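As they're listed, the protein sequences go chains A and B. Residue numbering for the first sequence follows the numbering used here, beginning at 91 and increasing consecutively. Residue numbering for the second sequence follows the numbering used here, beginning at 7 and increasing consecutively.
All clues given are correct.
For lysine to any residue, the following SDA-like pairs were computed, each having C-alpha atoms within a straight-line distance of at most 25 Å:
hint	chain 1	residue 1	chain 2	residue 2
1	B	48	B	93
2	B	108	A	159
3	B	21	B	67
4	B	108	A	116
5	B	100	A	190
6	A	93	B	89
7	A	161	B	48
8	B	100	A	148
9	B	11	A	174
10	A	143	B	108
11	B	48	B	26
12	B	108	A	155
13	A	145	B	35
14	B	48	A	167
15	B	108	B	93
16	A	147	B	100
17	B	77	B	56
18	A	161	A	114
19	A	160	A	99
I should point out that these hints are in silico values taken from the structure, not numbers from a laboratory. Source: prediction; values computed, not measured.
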Amino acid sequence: DVKVTQSSRYLVKRTGEKVFLECVQDMDHENMFWYRQDPGLGLRLIYFSYDVKMKEKGDIPEGYSVSREKKERFSLILESASTNQTSMYLCASSLYRGNEQFFGPGTRLTVL
Amino acid sequence: QQQVKQSPQSLIVQKGGISIINCAYENTAFDYFPWYQQFPGKGPALLIAIRPDVSEKKEGRFTISFNKSAKQFSLHIMDSQPGDSATYFCAASKQLRGGYNKLIFGAGTRLAVHP
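Here chain A stands alone, though its shape is the one from the complex:
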């Protein structure tokens, strides 16, 4: 059974803190993605990675960075959290040239 796990379901942080969101997939997928989900806006792509140590900006990369040191792990970093980064963050993975993306359960981040 395919599995994408995210390190936390809920997270509360203070403005200015550095925040790490971790994602692990056990399907040996090449591609990994980070999205944020906001009501009325759907899912918006922040960053994605198609190989270890490779990354590409998505549609809303400002204020975020990512790290992929191992194939199965993709981290999203908020260098200095701000209140407008309060959101649901979803990680996904897919095979090379695969169409289907498999999503984790999400991390609901609140920045106070």
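Based on these hints, arrange chain B on the given structure of chain A.
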């Protein structure tokens, strides 16, 4: 800019009725159109998908209708059940040269099926 427009934002249907969600896209280079279903507390999961070389795809009670000339596609849920209550996202994508598929999602439709 929003490349995939989805409507309605929310939908209430009686059990046994037909649920219809519509999407429109702009980029004619898109070549894959999936629908994802998301239950509360879960991540989205692929429900059904279509490519533009066919006009309809049916899987059980779920059907995608695709109109290439109008750049529109829709999801029909026949005999809607309370267990279908979820948020539905349409999406569109084009496979890029790096071997990855960048999905552009619609805003989502929250469906409630009342018993």
